[in-house]
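> One-letter residues, chain by chain:
2 protein chains.
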Amino acid sequence: EIVSAIEWALSEGPLTGRRVLVTSGPTHEPIDPVRYIANRSSGAQGSAIARALVRMGADVVFVTGPADAPRPDGAHVVEVETASEMLQAVQGVLPVDVAIFAAAVADWRAATRSDSKIKKLAGSIPSMEFAENTDILASVSQMKKDRPRLVIGFAAETDDVIANATAKRERKGCDWIVANDVSPETGIMGGSENAVVLISQESAESWPRMGKDEVAQRLAERIADVLG
Amino acid sequence: EIVSAIEWALSEGPLTGRRVLVTSGPTHEPIDPVRYIANRSSGAQGSAIARALVRMGADVVFVTGPADAPRPDGAHVVEVETASEMLQAVQGVLPVDVAIFAAAVADWRAATRSDSKIKKLAGSIPSMEFAENTDILASVSQMKKDRPRLVIGFAAETDDVIANATAKRERKGCDWIVANDVSPETGIMGGSENAVVLISQESAESWPRMGKDEVAQRLAERIADVLG
Chain A
41 EIVSAIEWAL SEGPLTGRRV LVTSGPTHEP IDPVRYIANR SSGAQGSAIA RALVRMGADV
101 VFVTGPADAP RPDGAHVVEV ETASEMLQAV QGVLPVDVAI FAAAVADWRA ATRSDSKIKK
161 LAGSIPSMEF AENTDILASV SQMKKDRPRL VIGFAAETDD VIANATAKRE RKGCDWIVAN
221 DVSPETGIMG GSENAVVLIS QESAESWPRM GKDEVAQRLA ERIADVLG
Chain B
41 EIVSAIEWAL SEGPLTGRRV LVTSGPTHEP IDPVRYIANR SSGAQGSAIA RALVRMGADV
101 VFVTGPADAP RPDGAHVVEV ETASEMLQAV QGVLPVDVAI FAAAVADWRA ATRSDSKIKK
161 LAGSIPSMEF AENTDILASV SQMKKDRPRL VIGFAAETDD VIANATAKRE RKGCDWIVAN
221 DVSPETGIMG GSENAVVLIS QESAESWPRM GKDEVAQRLA ERIADVLG
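In the order they appear, the protein sequences are chains A and B. Residues in the first sequence are numbered from 41 upward in steps of one, following the numbering used here. Residues in the second sequence are numbered from 41 upward in steps of one, following the numbering used here.
Calculated from the structure, these hints are not laboratory results. Incorrect hints may have been included.
[Said to hold, decoys possible] SDA-like cross-link-like pairs, simulated, lysine to any residue; straight-line CA separation at most 20 angstroms:
#, chain 1, residue 1, chain 2, residue 2
1, A, K157, B, H68
2, B, K159, A, A203
3, A, K159, B, P135
4, B, K157, A, T198
5, B, K157, A, A78
6, B, K184, B, P135
7, B, K185, B, G213
8, A, K157, B, D72
9, A, K185, A, T174
10, A, K185, A, A129
11, A, K159, B, K185
12, A, K185, A, R111
13, B, K157, A, R211
14, A, K159, B, A171
15, B, K157, B, D72
16, B, K157, B, M168
17, A, K157, B, P135
18, A, K157, B, A207
19, A, K157, B, V237
20, A, K185, A, D175
21, A, K159, B, G213
22, A, K157, B, P224
23, A, K157, A, A78
24, A, K157, A, F170
25, B, K159, B, E169
26, A, K157, B, Q131
27, A, K184, A, P135
28, A, K159, B, N204
29, A, K184, A, D137
30, B, K184, B, V237
31, A, K184, A, G213
32, B, K159, A, E172
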């Protein structure tokens, strides 16, 4: 791995000199010191994308929540836990040429976070209030100054994948959305394969089911086409 | 590892012939297909306890939630996700001589679990209702028939550790509580060491900070003393 990383570093690739941000993994939103709300995300697709971009010569910053997937060799890795920490990390990385938001960021956090473990008391079932997290994808997509040339979001859907993801692309203002169906019966979540639809302003292109590494390679090639 | 497992299996230990249940890890309570509520628990202490009991010859059933810790060699492993699945698994394992509840079980689950991803809609911040999970430790501790001879609970506390854990022991009706302080500043959660207080009807005994394997070994020896 070290040898191949050096080979990549020394070779020119289609993305050499390009600075790319990739977010990946879930975020964890603490309720108290022992409880948290999480999104399911192994981080496998995000790591694969970062690896593909490194292979093509890009200068990759990889901002990841607490994910199981191995961190990509050759990328600069920033570890975060919450959506708010991820936003801060992203702001610290900008400006970039391309920003890819593959992380499954929590939409909400607990409105109040207890520093002590919340005790279970007889007869009292808690009701929790949430506060909305800043939408990282939308905020970067809608930057007035130094917006990345290409902003790519992800949409994990369980119903009406293309319709929901197309609406999401317009609402957020990003260039592309990589959408997939994460219904339990697809086996995509936590698996090694993915079946995605690449949605741009012009089209919705369904890719066949393939390995997450192949999805990553294809996406990286598309990015190189745009920036080349 | 295979050779040592066979050695254990062939040798007589102080717990040979004893059937022991160990629960371990967190539980995950789904909100919808992509979101869940979780407890922080690496499962390291539970796995270490199961390994120590296997070494002493016990017939160990290890019921674990989605934990990072390696599963103990030589134990019969049952994997579950939610508190309700853990309860079912435990009921299927009983009767046992000793039951050790080291899992960090969620007290509450989402009252309604959505089969579709809950959409974020402008201006609508959700408020969630919870339902209480069955208390596994209390229900086994208070069994009228075939109660395990020794029922051991765990208490992860952040404040007034001994007072809270002593009250918990009485409330649940278990024999011992292994209590620890999981405040972030202790570094115990996710770490390799633990500092516990063993609480019985007679006493609260503070053990010095030591490796989780050592805590496990000491606890297994105490169990062997009682059953021997």
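> Hints first: check each against the structure and report whether it holds.
How the hints compare with the structure:
1. Among the hinted pairs, A/K157 with B/H68 is consistent with the structure: their alpha-carbon atoms are about 17 angstroms apart, no more than 20 angstroms.
2. The suggested pairing of B/K159 with A/A203 holds, with an alpha-carbon distance near 13 angstroms, which does not exceed 20 angstroms.
3. Of the pairs offered as hints, the one joining A/K159 and B/P135 is violated, with about 30 angstroms between alpha carbons and a cut-off of 20 angstroms exceeded.
4. Straight-line distance between C-alpha atoms of B/K157 and A/T198 comes to about 6 angstroms, which keeps the hinted pair within the 20 angstroms bound.
5. Distance restraint check for B/K157 and A/A78: the Cα-Cα separation of roughly 13 angstroms lies within the 20 angstroms cut-off, and the hinted pair is therefore satisfied.
6. Under the criterion of a C-alpha separation no larger than 20 angstroms, the hint pairing B/K184 with B/P135 is consistent with the structure, at around 12 angstroms.
7. Taking the CA atoms of B/K185 and B/G213, the gap is near 14 angstroms; set against the 20 angstroms cutoff, the hint holds.
8. Distance restraint check for A/K157 and B/D72: the Cα-Cα separation of roughly 24 angstroms exceeds the 20 angstroms cut-off, and the hinted pair is therefore not satisfied.
9. Annotation: proposed proximity of A/K185 to A/T174 holds, straight-line Cα distance about 19 angstroms (limit 20 angstroms).
10. Between the alpha carbons of A/K185 and A/A129 the distance comes to roughly 18 angstroms, so the proposed pair stays at or under 20 angstroms and holds.
11. Between A/K159 and B/K185, the direct Cα distance comes to roughly 30 angstroms. Violation of the 20 angstroms bound is thereby established for this hinted pair.
12. Between the alpha carbons of A/K185 and A/R111 the distance comes to roughly 31 angstroms, so the proposed pair goes past 20 angstroms and is violated.
13. As the CA atoms of B/K157 and A/R211 are separated by approximately 18 angstroms, the hinted pair is consistent with the 20 angstroms bound.
14. At most 20 angstroms may separate the alpha-carbon atoms for a hinted pair to count; A/K159 and B/A171 meet this at roughly 15 angstroms.
15. Between B/K157 and B/D72 the CA atoms are separated by roughly 6 angstroms; this keeps the pair inside 20 angstroms, and the hint holds.
16. Under the criterion of a C-alpha separation no larger than 20 angstroms, the hint pairing B/K157 with B/M168 is consistent with the structure, at around 15 angstroms.
17. About 32 angstroms separates the Cα atoms of A/K157 and B/P135, which puts this hinted pair outside 20 angstroms; it is violated.
18. The hinted pair formed by A/K157 and B/A207 meets the criterion: a straight-line CA distance of about 15 angstroms does not exceed 20 angstroms.
19. This hinted pair checks out: A/K157 and B/V237 have alpha carbons roughly 18 angstroms apart, not beyond 20 angstroms.
20. Between the alpha carbons of A/K185 and A/D175 the distance comes to roughly 18 angstroms, so the proposed pair stays at or under 20 angstroms and holds.
21. The hinted pair formed by A/K159 and B/G213 meets the criterion: a straight-line CA distance of about 18 angstroms does not exceed 20 angstroms.
22. Annotation: proposed proximity of A/K157 to B/P224 holds, straight-line Cα distance about 11 angstroms (limit 20 angstroms).
23. For a cut-off of 20 angstroms, the pair hint linking A/K157 to A/A78 stands: about 18 angstroms separates their Cα positions.
24. Taking the CA atoms of A/K157 and A/F170, the gap is about 18 angstroms. The hint holds against a cut of 20 angstroms.
25. Between B/K159 and B/E169 the CA atoms are separated by roughly 17 angstroms; this keeps the pair inside 20 angstroms, and the hint holds.
26. Note on A/K157 and B/Q131: the hinted pairing is violated, with a Cα-Cα distance of about 28 angstroms set against a maximum of 20 angstroms.
27. A hinted pair counts as satisfied when its Cα atoms are at most 20 angstroms apart, and A/K184 with A/P135 qualifies at roughly 12 angstroms.
28. Pair hint A/K159 plus B/N204 holds up; C-alpha atoms about 10 angstroms apart against a cutoff of 20 angstroms.
29. Distance hint between A/K184 and A/D137 is fulfilled; the C-alpha atoms sit about 15 angstroms from each other, no more than 20 angstroms.
30. Between B/K184 and B/V237 the alpha-carbon distance is near 28 angstroms, which puts this suggested pair outside the 20 angstroms criterion.
31. Proximity of A/K184 to A/G213 is assessed by CA-CA distance (about 12 angstroms); at most 20 angstroms being required, the pair is judged to hold.
32. About 13 angstroms separates the Cα atoms of B/K159 and A/E172, which keeps this hinted pair within 20 angstroms; it holds.
Checked against the numbered hints above, the structure breaks hints 3, 8, 11, 12, 17, 26 and 30 and satisfies the rest.
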